[in-house]
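*Asks:* Sequence:
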Amino acid sequence: MTVLIHDSRHASTDAAEVALMGHTRAANSVWWAPQCVHTLVSTGFDGNVLVWDTRRPASPVATYATREMKRLFPVQFLGDDHVVVGVDGALLVYDMKSHAVKSRGDLGYEADTLLMEEAGLVVAHRQTLSWFRFD
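Take the sequence shown: its letters are residues 260 to 394, numbered as in the numbering used here.
A few of these clues could be false.
With a straight-line Cα cutoff of 20 Å, these simulated EDC-like cross-link-like pairs (lysine to aspartate or glutamate) come out [as the list claims (entries may be wrong)]: (1) 361 x 340; (2) 356 x 371; (3) 356 x 340; (4) 361 x 347; (5) 356 x 369; (6) 356 x 305.
FYI, nobody ran anything at the bench for these hints, they're computed from the structure.
Take the sequences, apply the hints, and build the full model.
*Replies:* Quick look at the structure:
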């Protein structure tokens, strides 16, 4: 499946499009990195979380395969180099430069929403809210 990106600032459709092909089933969310206009994360019903550099669209720069397929994996960026993803009943901190999992913490529930704040991270699932503080 393909994630198609169009830059509406360009008049020509062909020149402004980037096709990211990496998911084997439909992509269900795309998240732009706030500090880097060329980096985005896509998640899909294939259970994959893919990190992309739009300047090199031939393949993802990093892939994390989960054991589940769900409607949406909550994603938040942590600084310039890390992404936090709620997958497999855990919070995963992934280093986008080294392509390595830096931390994985079991939640005991599936994260539905992540909200990054200056001092920490809020994780929500149905009637449960968890706060993770950064020190």
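*Asks:* Hints first: check each against the structure and report whether it holds.
*Replies:* Results of checking the hints against the structure:
1. 361 x 340: 11 Å, holds
2. 356 x 371: 26 Å, violated
3. 356 x 340: Holds, because 6 Å separates the two Cα atoms, which is no more than 20 Å.
4. 361 x 347: The given pair, whose Cα atoms are some 16 Å apart, holds under the 20 Å limit.
5. 356 x 369: Distance ~26 Å between residue 356 and residue 369 Cα, so the pair is violated.
6. 356 x 305: Given that 20 Å is the threshold and the Cα spacing comes to 23 Å, the pair is violated.
Checked against the numbered hints listed earlier, the structure breaks hints 2, 5 and 6; every other hint is satisfied.
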